[in-house]
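Asker: If you read the protein sequences in the order shown, they are chains L and H.
Following my numbering, the numbering of the first sequence begins with 65 at its first residue and continues without gaps.
Following my numbering, the numbering of the second sequence begins with 2 at its first residue and continues without gaps.
Mixed in with the good hints there might be a few duds.
Straight-line alpha carbon distances no greater than 20 Å define the calculated EDC-like cross-link-like pairs of lysine to aspartate or glutamate that follow [claimed, not checked]:
| no. | chain 1 | residue 1 | chain 2 | residue 2 |
| --- | --- | --- | --- | --- |
| 1 | L | LYS120 | L | ASP95 |
| 2 | H | LYS79 | H | ASP64 |
| 3 | H | LYS69 | H | ASP31 |
| 4 | H | LYS25 | L | GLU106 |
| 5 | H | LYS69 | H | ASP57 |
| 6 | L | LYS69 | H | GLU45 |
| 7 | L | LYS101 | H | GLU45 |
| 8 | L | LYS101 | H | GLU107 |
| 9 | H | LYS25 | H | GLU107 |
| 10 | H | LYS69 | H | ASP58 |
Hints are computed from structural coordinates only; laboratory data are not their basis.
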Amino acid sequence: DQQVKQNSPSLSVQEGRISILNCDYTNSMFDYFLWYKKYPAEGPTFLISISSIKDKNEDGRFTVFLNKSAKHLSLHIVPSQPGDSAVYFCAATPGNAGNMLTFGGGTRLMVKP
Amino acid sequence: DAGVIQSPRHEVTEMGQEVTLRCKPISGHDYLFWYRQTMMRGLELLIYFNNNVPIDDSGMPEDRFSAKMPNASFSTLKIQPSEPRDSAVYFCASRPAQTGTIYFGEGSWLTVV
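Here chain H stands alone, though its shape is the one from the complex (with noise of 0.2 Å):
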């Protein structure tokens, strides 16, 4: 079985430019996530939808940051504009509604210049 599918896996852009990530779920998952991971701040979730709906988004830094999920088996996380603290590692994940396990995908690294 695939697993989570995020692209694009690295992403050089300069200040002020839109950035988009990806993200495929597991089929069948009815929970997606957005995580990003930085050396001072560790893993901390962003945002997090159920059967396509936002649930919880109090972890998203600031409005510059935007999450969709249009159907089941795609998300995507904007930046609009991106500044260089954005720079970090942006990990989906899921997980069905039967267990409490997420599997997460193998990240989309951004570096902002």
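The shape of chain L in the complex, shown without the other chains (with noise of 0.2 Å):
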């Protein structure tokens, strides 16, 4: 059973419009919450998370919202760009100890120019 559920495979954005990719999760002990980001043939890289108590977080072009009460987060790219383009994961552990991170299926972005 998916705890944490990326529901869109794919998504294409134009350079320059924004990026929204989601993620449900189903465990109501999940309180930390992260994205990673990955290329072809090289390993998941963080890119941004947020707590529970909060319900977003900011870093530059990247933004991670937090529903609790729809147990739903996502993440916003503005203006996104090509180099973008990767395969973009969720991760939820309870506790933000991160040790027993839950990943989503994954979501790629393609940006296209």
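Join the two chains into one complex using the hints; note that each chain is given alone, in its own frame.
Answerer: Have a look at this one:
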């Protein structure tokens, strides 16, 4: 049973526009959430995280929103750039220790010039 | 700073052979993780260590898999005997005690024929 789901396997966006990647979770014990970006033939790279005590965290072009009541988080990239083209994974863990990360299946983002 | 270093990057082996994957975590990181990525199951945690001690190995698929961490700068994941269904990308990752952010290596691509 998937506890973290990314229902869109792929997303295509025009350069300069906003990219919105979504993630849903079912385990109410999750209270720390992370987004990772992965290029082909490389390991996942940490992008941004959010604790359940917040509903928004921003880092440059990247913003993560958390809706605890809906068990939903999203990653916004504004403006999108071709270099953002990658697979994006959301991950969740109970407690901010981050030891038991559960990953979603990933969303492949393609930013077209 | 060097990131998490894994070897070999690619391995092709015959069914029944022993496979050993190696990892050097980031210096100073107290936690080390082994993940496996497959098309069917995505990214899943196999085992993790804290200060060289295995803490949770509930993700290890079966007794053919074993992991060791003899010191703070080295870990191995061994599969004996290997089977075609073990073909996957195996990631090693580490994190410091102070944060929940996990840093991944570039992965070891294993193909068992």
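Asker: Are any of the numbered hints broken by this structure? If so, which, sorted upward?
Answerer: Hint check: nothing fails, all pass.
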